[in-house]
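Engineer: Let the sequences and hints guide you as you build the complete structure.
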Amino acid sequence: MKLNLSSALKSILAAAVLSASGFNADACTSMIVSGKASLSGRPMLWKHRDTGADHNFMARVDADSSRPGSIGYVGLFNGDDTSLREAWMGMNDEGFAIMNTASYNLAPDTTDYKDREGIVMSEALRSCRTVDDFENLLMRLPKPLGVQANFGVLDATGAGAYFETDDYSYTKYPLEESPTGVLVRTNYSFSGNDFDGYGYIRYENVEEILGDRIASRSFIPACFTEDMSRCFYNSRLGYNPETMGDSWAVDQDFVPRSISTASIVIEGLLPGESPDAMVMWTALGYPPCSHVEPVFLDSIPEDLQATGPEFRSKACDRAMELKEKVFPIVRGSGPRYINLDALRPIMEEERQKSLDGYRRGNLARTARR
Numbered sequence: 001m002k003l004n005l006s007s008a009l010k011s012i013l014a015a016a017v018l019s020a021s022g023f024n025a026d027a028c029t030s031m032i033v034s035g036k037a038s039l040s041g042r043p044m045l046w047k048h049r050d051t052g053a054d055h056n057f058m059a060r061v062d063a064d065s066s067r068p069g070s071i072g073y074v075g076l077f078n079g080d081d082t083s084l085r086e087a088w089m090g091m092n093d094e095g096f097a098i099m100n101t102a103s104y105n106l107a108p109d110t111t112d113y114k115d116r117e118g119i120v121m122s123e124a125l126r127s128c129r130t131v132d133d134f135e136n137l138l139m140r141l142p143k144p145l146g147v148q149a150n151f152g153v154l155d156a157t158g159a160g161a162y163f164e165t166d167d168y169s170y171t172k173y174p175l176e177e178s179p180t181g182v183l184v185r186t187n188y189s190f191s192g193n194d195f196d197g198y199g200y201i202r203y204e205n206v207e208e209i210l211g212d213r214i215a216s217r218s219f220i221p222a223c224f225t226e227d228m229s230r231c232f233y234n235s236r237l238g239y240n241p242e243t244m245g246d247s248w249a250v251d252q253d254f255v256p257r258s259i260s261t262a263s264i265v266i267e268g269l270l271p272g273e274s275p276d277a278m279v280m281w282t283a284l285g286y287p288p289c290s291h292v293e294p295v296f297l298d299s300i301p302e303d304l305q306a307t308g309p310e311f312r313s314k315a316c317d318r319a320m321e322l323k324e325k326v327f328p329i330v331r332g333s334g335p336r337y338i339n340l341d342a343l344r345p346i347m348e349e350e351r352q353k354s355l356d357g358y359r360r361g362n363l364a365r366t367a368r369r
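Per this note's numbering, the sequence shown starts with residue 1, numbered consecutively.
Calculated from the structure, these hints are not laboratory results.
Bear in mind that the values here come from a model prediction, so they are computed numbers and not experimental data.
For glycine and all other residues, C-beta sits at the position ideal for the given N, C-alpha and C.
It is possible that some hints are incorrect.
Simulated restraints on C-beta separations [unchecked claim]:
1) E348 x P328: 33 to 41 Å
2) P328 x S40: 21 to 29 Å
3) E273 x Y113: 35 to 43 Å
4) E208 x E349: 20 to 28 Å
5) T366 x E135: 28 to 36 Å
6) E324 x S218: 34 to 42 Å
7) N136 x P328: 47 to 55 Å
8) P142 x G245: 48 to 56 Å
Under the rule of at most 27 Å between Cα atoms (straight-line distance), these lysine-lysine pairs were calculated in the DSSO-like manner [to be verified]:
9) K325 x K353
10) K314 x K353
11) K172 x K114
12) K114 x K143
13) K172 x K143
14) K314 x K325
15) K172 x K36
Structural biologist: Okay, structure coming up:
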């Protein structure tokens, strides 16, 4: 049952919940989409990234000639990761792709050996060709793994799965077993306990906002970058302050959060296509203030690459500068308040740039055939 509350009261309640529960800095919202559930017939991985690392960039990592069977890949990396050691999402030359969300209701990481999800994903991109390869990697890696995560994977055949993984074990959820052709994960695991975790309301947001797409099996990448990652709907309150004309909102339980730093959709392959046709539709920085650029295995837009001594991308820097206008209050609890009047024109301008990015990317992919 949804509460019929005034806008002001909703903000007060949200602020109270926020101060009581705290803010989790390593989160994310994600989905795997079967080719049967998309308009193009291509499967997809989507990750809306929430993290304490404000800046990220895209980079190509070539195959390691010293490692037989090594695979080249393109990945998302934290700003200042000059060694390209930890990929936080990516796709490789064999058509394999991976992402993760942190999970907080699985068996906890060991005290001194944790936060190794990026390292595991880098190794997967270097060595995996199929979903089964990734499962074998989880089994053979030394334990403890140092992870507590939902890993989402996709391969060139269109197979996909989530692996809810802790230090010593995992539970697999194959995409083919989903009756709707989609799987969603935020920051809890279905195989975990019933009283911990985060992102329960964000999970409901996704199901409600994309309900028609799920029912009609009509997903396109823009559903995620332009609809979900710019949407301030709260399913618990049944209310979207941005579309209802509110001037301010409290940053609580939306998919886009103040700690959001990227929204990326990896669009997979049609039967018989080469991995060259895979695209990472990439918006870096705070997603409502960013726009999509197409990334291919052999082509990364310059603005998405790392530059300068701080090893950060221009696209992410630009989006984070715009974000300062959206979160203008710096004292006390002020950083939790979103200036929606400032956000709306920024978001519309960035949305139009995204549509142009999709147009250019689709033309480039067609030219590769």
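Engineer: Hints first: check each against the structure and report whether it holds.
Structural biologist: The hints, checked one at a time:
Remark: the range hint 33 to 41 Å for E348 to P328 is contradicted by a beta-carbon distance near 19 Å. For P328 paired with S40, a C-beta distance near 40 Å fails the hint of 21 to 29 Å. Roughly 40 Å separates the CB atoms of E273 and Y113, a value that falls within the hinted 35 to 43 Å. At roughly 27 Å, the beta carbons of E208 and E349 sit within the given window of 20 to 28 Å.
A hinted range of 28 to 36 Å holds for the C-beta pair T366 and E135, which are about 34 Å apart. In this structure, E324 and S218 meet the distance hint of 34 to 42 Å, their C-beta atoms being roughly 36 Å apart. Hint check: N136 to P328, Cβ distance near 50 Å, so the stated range 47 to 55 Å holds. Remark: the range hint 48 to 56 Å for P142 to G245 is upheld by a beta-carbon distance near 55 Å.
Note on K325 and K353: the hinted pairing holds, with a Cα-Cα distance of about 19 Å set against a maximum of 27 Å. Only pairs whose Cα atoms come within 27 Å are accepted, and K314 paired with K353 is accepted, the gap being roughly 16 Å. In summary, the hint linking K172 to K114 is supported, as the alpha carbons are separated by about 21 Å, within the 27 Å threshold. Taken as a hint, the K114 and K143 pair is honoured in the structure, with Cα atoms around 11 Å apart against an allowance of 27 Å.
Restraint check for K172 and K143: satisfied, since their Cα atoms lie roughly 18 Å apart, inside the 27 Å limit. Of the supplied pair hints, the one linking K314 and K325 holds, its CA atoms being roughly 18 Å apart against a limit of 27 Å. Taking the CA atoms of K172 and K36, the gap is near 20 Å; set against the 27 Å cutoff, the hint holds.
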